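**Student:** Listed below, chain by chain, are the residues.
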Amino acid sequence: MTTSALPAFASGRRLPNVWDAAAIICVLALLVLVARAAHGTLAPLPSADTIHLEISYLPYYALRTTIRMFVALAFSIVFTLIFAPLAAKSRRLGMIMIPALDILQSVPILGFLSFTVLFFLSLFPGRVIGAEFAAIFAIFTSQAWNMTFSFYQSLTTVPRDLDEASRCFRLSTWQRFWRLEVPFAMPGLVFNTMLSMSGGWFFVVASEAVTVGNTTFLLPGIGSYVSVALSHSDLAAVIYAIIAMLAVILIYDQLLFRPLVAWSSKFRFEMTSGGDVPDPWVLGFLRRTRLLQLLGEAIGDLANVVGGMGMRFPVRIPAARRPATSRLLDGIWFACIAVVTGFALWRIATFVAASITLLQFGRVILLGFFTLARVAAALVIVTAVWVPIGVWIGLRPRWARLIQPIAQFLAAFPANLLFPIVVIVLVRFALNPNIWLMPLMIVGTQWYVLFNVVAGASAFPGDLKEASANLGVRGLLWWRRVIIPGIFPYYVTGALTASGAAWNSSIVAEVASWGHTTLTAVGLGSYIAEQTSAGNTAGIVLGVSVMTSFVLVINRVLWRPLHRYAVRRLTF
Amino acid sequence: MDQTVPTDTTTLVRIENCRQSYPKESASDVIILDEVNLSLREGEIVGLLGRSGSGKSTLLRIVSGLLKPTAGDVRWRGKPIDGPVRGVSMVFQSFALFPWLTVEENVALGLEAQGVPRAEREARAEDAIDLIGLGGYENAYPKEMSGGMRQRVGLARALVVHPDLLLMDEPFSALDVLTAETLRTDLIDLWSEGRLPVKSILMVTHNIEEAVLMCDRILVFSSNPGRVASELKVPFPHPRERLDPAFRQMVDDIYALMTRRPVEHPKPLVADKGAPPAPQPVQPLPVVSTNLMAGLMETIEGEPYNGRADLPALANAFQMEADELLPIGEALQMLGFAEFEEGDISLTDAGRRFVGADTDDRKEEFAAALRAHVPIINQIRQVLDERWNHRAPALRFRDELEDHMSPEYADSTMRTVIAWGRYGELFSYDREADQFSLDDDHDDED
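Those protein sequence lines, which keep their order, are chains S and X. At position 420 of the first sequence the residue is numbered 420 (our numbering), and the sequence of numbers has no breaks. If you want our numbering, it's the position in the second sequence, counting the first as 1, plus 572.
Same shape as in the complex, but just chain S:
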């Protein structure tokens, strides 16, 4: 068992073995595939009829979708590595960037899709790559913020003694970053990347087929495949797409994230060696493959050399503050912010005055409350269903070990691929879309509630379980006094994620179509969707801003205080 050893550092005989042959073949095949997919991005923009519904095209589409995800992920990582340190190291930048990130996190990305598509298409007229960038940008915006937040939080909580040790041994800023800050942030960063990726599949699928005004842009991918299948009422194709997506997520989960999470546990800060979890099979495979190991070592060495380079910026010690200059700079900085904010306010005011009436505004707010009611109802249902089940599973370690990866896996599955199935049922039984489209919003995000509750129940201390059994606490009293307070912090985390994602998905969940039938639920999500397909900029901006405000207010008024309360009172 070598959970704590990097593949790169493990030693052994260096002769190629049978694992290497397999590995090399896999790597070469991957390169060929990527090259082919990349070539496709230079092709002219396909029209709706160039997306083929034959099943033989699906693997290629799946590959294109996956590559889009990983390109966006690369951008998100670069963004994180640059902007989180800026926010953490500079008080003045942090003042602006942290609230900005917080708001960006709550903006429904899908609402802006039509703008970004137009913007990127105007950069590369007539080329697929413009639409590619728009899709990648959409995924990026769904991933980057929480990764940056996680890194920022780690940077501001670097243990004081390690910080002092690194300064005492005179590590340069560069060395500190790679030797202390990045490793310390690694577990949180990997975990948040995983969450981001899970959310990202949803957006990549949604962003492959965008209709602005009369034009529909289609990018070869699973998302566009499904959207074409929908307009052709081709149920078989929809099911193939679902199966293809399941396969893609299974592969990415097994090949990439299980090994990454296991590997990142070596950076966990607590000094006790935690419960040893067996290596995921891929990590074991990598550790057995000698050539790959050599390659890994070369990369590790290079990383070590780069990270260890003594690029020395003047390291200042917390010197006596010079309040006068500092205050002057603060003044200038605040003035700059005020000017920019003022300008922005003026732009918004002129825009609003020109294109939005008070009546419209009131109507959109009202629509917001409709969607709010739907989100709340969905959360209530999910809670009622999954909390008891989650507790039941969590208290049985064997089941929890089995269910936990499945729930995480399901959370990554883009729920929008399942929409058609629901729509067919709604059409068949002529159900009221205002009520029955509601489950769509939560179908993908309910898993967050489940796996958090399972995690909470499995972490519930054994002695408390025994004590409550010993005192004969049973039934409702047990739920009220024992288990609900015990899992509450976990539940809040899950519900918070689920509710945020539900708002976002309302944009695609309140309008559903099957062939020529379109079902619409009255709400803010369908409003944004309608304005988008009508190409009405003012309406989109209004809808998106109102939705952002709803999310922000609910977070501030409900989730944050609940979370604080849970952490303060109900953690062990």
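It should be emphasised that the hints constitute simulated quantities derived from the structure, not laboratory data. Treat the numbers as computed from the prediction; the structure is a model and nothing was measured. Treat the hints with care, since some could be wrong.
[Stated by the list, open to error] In silico lysine-lysine, DSSO-like type, Cα no more than 30 angstroms apart, as pairs:
#1 S:K89 <-> X:K640
#2 S:K266 <-> S:K89
#3 X:K805 <-> X:K640
#4 X:K651 <-> X:K771
#5 X:K805 <-> X:K651
#6 X:K715 <-> S:K266
[Stated by the list, open to error] On the chain S side, residues computed to face chain X include the following (Cβ under 7 angstroms):
#7 L162
#8 A165
#9 R167
#10 F169
#11 R170
#12 L171
#13 K266
#14 F267
#15 F269
#16 A459
#17 F460
#18 D463
#19 E466
[Unchecked claim] Which chain S residues stay away from chain X? Per the calculated CB distances, all over 10 angstroms, these:
#20 M186
#21 P405
#22 V541
#23 R560
Beta carbons are placed, not taken as given, at the ideal position from N, Cα and C, and that holds for glycine.
The hints should help you fit chain X onto chain S, whose structure is shown.
**Tutor:** Coordinates of chain X only, in the frame set by chain S:
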């Protein structure tokens, strides 16, 4: 400072009139260190001995260049210090090892920062690892090791850069008694055999015996603000014998020194910044539970001490260090239950009454002592009595505390106020509302 005086080459560190204060919004600063002078020569082990809150760890960080003092002159080999000094390395109380680096990588970190080539780095790391008795652990990760082994890594990491001065911040206090003793003897053996690649050691400790066992010179610090109260030379050659009567006597003397009531009126915590300092009703309270106080009083009153106990003997009997025992004693002294006298502690009449009483009477005795001797508690009770609804937000008292001490001390003092007040049933406290009240349904939280 005085440039004409030629600098003694064997003087590594010279600190003059050093002062460290904590800036406050108001006109006054909270002083952590005041008027500290220290010079450190080659070839000696110097100990900074004092209670927590005496600023000795702060002083260590000033010497290392991690912290710039508010005022005063700090020189390393005659040159002013303006950042982490090359030639000074530090051993941390918490070890401060990087959990994602192996033992060897941890040890080599300082060399890497200096840009030492890889081959030399590995050779020197290996030497340091062997010297400190870690051979065979090169590829282990810190979390696989015991506390004692981890601190050996911390030592090797500090020694590998061949520092002139080794700083140690309570290096053994996170270890169990036996492990700590082994490490101390190993270190002293290496030092007396001249095998340690350092010229001088400066260590912070609150363990009196440790200081007498290891140091050539001990600076005893007084608290609030931290100052050098006295300086002692330890005349015994290494290896030292703990049971030697002269050794015991020295330990006894230091106990007496550390528990002596300040002769002069203690300087207020608040520095004069124009306005004359206000009279000082607010002092930090030690974090001492009422159970500990009751337990200590019962022990002193019982056999074999019969009301008066020798502090080192008491510390030995309880397996407590001075830093754990003294705050309890001081809390008792503050409440008028006990008194320190020449390294002994004895119960007062109030203390004896407390020991003899039953639970309810004890609470009454305690409440009376609190109201008589702890102004902030008395003030809280007065405010509650005066208010029509008998409630008061805790915030105003927190603010008052923070005007006189650092936020950490204000916080721990507040917690003590709440715990003591609850035990004495003077008031109850609702944490959610952060509010004091006179309700009968008091919350028992020791």
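**Student:** None of the hints should be skipped; say for each whether it holds.
**Tutor:** To see whether the hints hold, each was checked on the structure:
1. S:K89 <-> X:K640: holds (19 angstroms)
2. S:K266 <-> S:K89: Answer holds: K266 (chain S) to K89 (chain S) is near 26 angstroms, not above 30 angstroms.
3. X:K805 <-> X:K640: holds (29 angstroms)
4. X:K651 <-> X:K771: holds (18 angstroms)
5. X:K805 <-> X:K651: Holds: K805 (chain X) and K651 (chain X) sit about 27 angstroms apart, inside 30 angstroms.
6. X:K715 <-> S:K266: holds (10 angstroms)
7. L162: holds (5 angstroms)
8. A165: Status holds, d = 4 angstroms.
9. R167: Status holds, d = 5 angstroms.
10. F169: At 4 angstroms from the nearest chain X Cβ, F169 (chain S) passes the 7 angstroms test, so the hint holds.
11. R170: holds (5 angstroms)
12. L171: holds (5 angstroms)
13. K266: Holds, about 6 angstroms.
14. F267: holds (5 angstroms)
15. F269: F269 (chain S) check passes; min Cβ-Cβ to chain X is 6 angstroms, inside 7 angstroms.
16. A459: At about 20 angstroms, which exceeds the 7 angstroms cut-off, the nearest Cβ of chain X leaves the hint on A459 (chain S) violated.
17. F460: violated (23 angstroms)
18. D463: violated (20 angstroms)
19. E466: violated (24 angstroms)
20. M186: The claim is violated: M186 (chain S) sits with its nearest Cβ about 8 angstroms from chain X, within 10 angstroms.
21. P405: holds (25 angstroms)
22. V541: Holds, because the least Cβ-Cβ distance between V541 (chain S) and chain X comes to about 41 angstroms, which exceeds 10 angstroms.
23. R560: Consistent with the label, R560 (chain S) stays out of reach of chain X, its closest Cβ about 16 angstroms off (over 10 angstroms).
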